[in-house]
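Chemist: Single-letter residue listing:
Number of protein chains: 2
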Amino acid sequence: MNKEINPWSNQLVTDYDYLFEQFGLQRMNPTLVAKLGKHRLYRRGIVFAHRDLDKFVAAAEAGKKTGVITGIKPSSEFHLGSRMTAEQIIHLQQQFGTKVFYAIADIEAYADNGLGLEDSHNYAVDNVADLLALGLDPEKTFFYKQSQNMHVANLANIFARKTTLNMLEALYGHQNLSLYLAVLTQAGDIMAPQLEAFDGPKHMVVPVGIDQDPHIRFTRDLADKFKDEFGFITPAATFHKFFRALNGETKMSKRDPLGVMTLNDTPELLKKKLANTLTGGRSTAEEQRRLGAEPEKCVVFELMQYHFYEDDKDLKEMETDCRSGKLLCGECKGIRLKHIQEIFKKHQEKKKKMLPKAEKILEQPIGFKKKTN
Amino acid sequence: MNKEINPWSNQLVTDYDYLFEQFGLQRMNPTLVAKLGKHRLYRRGIVFAHRDLDKFVAAAEAGKKTGVITGIKPSSEFHLGSRMTAEQIIHLQQQFGTKVFYAIADIEAYADNGLGLEDSHNYAVDNVADLLALGLDPEKTFFYKQSQNMHVANLANIFARKTTLNMLEALYGHQNLSLYLAVLTQAGDIMAPQLEAFDGPKHMVVPVGIDQDPHIRFTRDLADKFKDEFGFITPAATFHKFFRALNGETKMSKRDPLGVMTLNDTPELLKKKLANTLTGGRSTAEEQRRLGAEPEKCVVFELMQYHFYEDDKDLKEMETDCRSGKLLCGECKGIRLKHIQEIFKKHQEKKKKMLPKAEKILEQPIGFKKKTN
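Going down the list, the sequences are from chains A and X. In short: position in the first sequence from 1, add 24, done, that's this note's numbering. In short: position in the second sequence from 1, add 24, done, that's this note's numbering.
Excised from the complex, chain A in its bound form:
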């Protein structure tokens, strides 16, 4: 078990170099970053590694068909991680005209969280409204629910023929059957866009957190095994760093609702969450004025760097004021809070307008009701 990158753990990884050596990840380089339009995610090294992204970009530049696949389990509101991936796929769509495939894992929400398909439908509508408000072009996006995409289920079944329990155990450790099935389904999600039903083989990229690399390796391996049969092109992937939970101690996770900001948070809730966010401050104000604080330890700094400041100058100013001891943490949080609240306010206004459209995009679930008492 490679405990360093287990998708189901909430442990933080800090030794990224180890991953490059151990698993053959490729580093982002300036040429690639330049081609990606210097988006903050690449420019700031938040997306810090990839597999075959250079091939994907070359194909896109040559006018070949491209696609990006991501998705969500519709069991909660969008948090900052979902927002970041959304920004990344929207950027790819705008930069290269890449078709977006967006999987809504409603069966997983049912199986994992006991959410009925009607309930997860409501979350899905909320999530899709977020995506539209963030700028996703629905004309160039295929949204689908896991419960309604037979192609994915069929591929999962077919992939199982060339998958052994030993392979899965080597990648993930000894897990339960349901997780293994989820892995096969995810491979189906990633590869289905290359079926004839979706216009055939194409260069795909999968943006994920570094903890998802086992899924990527597993799927790339399957793509190669079934290349002759389906004409698959091995999918590329990008990897972003972990986001820390607001307390700074664990990986950001939906399982800890107070540890993450969600896009529906009210100004008051944001204030409360930011108040409880870990900083890089010193034990006393006196000490901090003397030594300065440590932004590399500060989750508020990470929030602004990863999610909220587009302009590098704003970030630089924040860092300078922090290190110099000029700005104490309380005061700093007040400034950032205003900025974040403003972003959320604008987003929520836009999103509200998008809800009817989101409702229209997603089919209502039918015929899979629980027993009604």
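Check the hints yourself; a few may be wrong.
Since the list gives no way to pick one copy over another, a pair counts as held whenever it fits inside one copy or between any two copies.
[What the hints assert, rightly or not] Mimicking SDA-like on lysine to any residue, the simulated pairs with C-alpha atoms at most 25 Å apart in a straight line are:
#1 Lys265 x Gln236
#2 Lys186 x Asn200
#3 Lys377 x Gln199
#4 Lys321 x Leu189
#5 Lys296 x Leu339
#6 Lys249 x Leu203
The hints are simulated quantities; they were obtained by calculation from the structure and are not laboratory data. Small disclaimer: the values here were computed from a predicted structure and weren't measured.
Dock chain X against the given chain A, drawing on the hints supplied.
Modeler: Frame of chain A; chain X shown alone:
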């Protein structure tokens, strides 16, 4: 591993008593047989065991909703085993107005046999034409392809949550992931007819060979586990004896094409197959005239008893002539061959007329093409 009833082995079981003791099967009884209209399958003990069939019959008699589920992997022509199950479901449909659910496992045909969905579609049309020719009422039947029924795939995923690898290993021994998935899918097939999409909970019966009992126990167990959630009624099952291959040595199996009769066989092919069929004859004609032959060893006798003689008098006459030594095996085969050829001829004429209807019933596969070179 209960090697006595492994669905994936071609071993013959002969000690049926053992199964009743070991696995709690219920015996058919005269009351139940009488209620089932004394169909030859029950009357002759071909269907010899059940689970909860009495409850199913009581529900049907009380006018409650009932269903029967069976299916086929569309990778070959109908053989006598498929024909027998077809007769059984048609009888249930006619006797009780039971709704038939008919699963066509095209993805399994693809994964197991490498049959493209177009190829298995052609087999499926052929199989459905057989069913219609045998008397299945398409108005009271829901035919579906595995590749197109999301409800089954969704249930398989949900069932996986309460299924451990240990449970599967206890039932089936250590098998590969793909077989375990097939087991979950079969459970999905059996339980999906009780979802709201198919008019909700109902009394179901699953007619299978005794080697399939592990699937039945597994599914009944899941039905109980998910009873509160979906309102499932535990499905009933009937079990028929094994059919021997024509050589008499192994279980009848599609994997041995010369060991089984298929419903498309020409008169010449039937002749050839029957010539090679094991009999209960003695070493010499002299000995046979003196001692008589042994119908219990004879596969020709089994064919007539299980599949071709409706009238018990015909069967009795065959047995008497055999035991008395009056009829030698060659002559006997000639008589039976004529009878079988006649049945096949009539069936094939009917079936031909049913092909356009079968074609109409089954949707063409779309968008899942292999790469075309």
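Chemist: Hint by hint, say whether it matches the structure.
Modeler: Right, here's what the structure says about each hint:
Proximity of Lys265 and Gln236 under a CA criterion of 25 Å is satisfied intra-copy only: 11 Å inside one chain copy versus 49 Å between copies. When the C-alpha separation of Lys186 and Asn200 is checked against a cutoff of 25 Å, the pair qualifies both within a copy, at 19 Å, and between copies, at 10 Å. In this assembly of identical chains, Lys377 and Gln199 lie within 25 Å of each other by CA distance neither inside one copy nor across copies; the values are 43 Å within and 53 Å between. For the identical chains of this complex, Lys321 and Leu189 are neighbours neither inside a copy (40 Å) nor across copies (43 Å), given an alpha-carbon limit of 25 Å.
Taking identical chains as interchangeable, the C-alpha atoms of Lys296 and Leu339 lie at most 25 Å apart only when both belong to the same chain, with a minimum of 23 Å there against 86 Å between chains. In the homo-oligomer, the alpha carbons of Lys249 and Leu203 lie at most 25 Å apart both inside one protomer (22 Å) and across protomers (19 Å), since each shortest distance falls under that limit.
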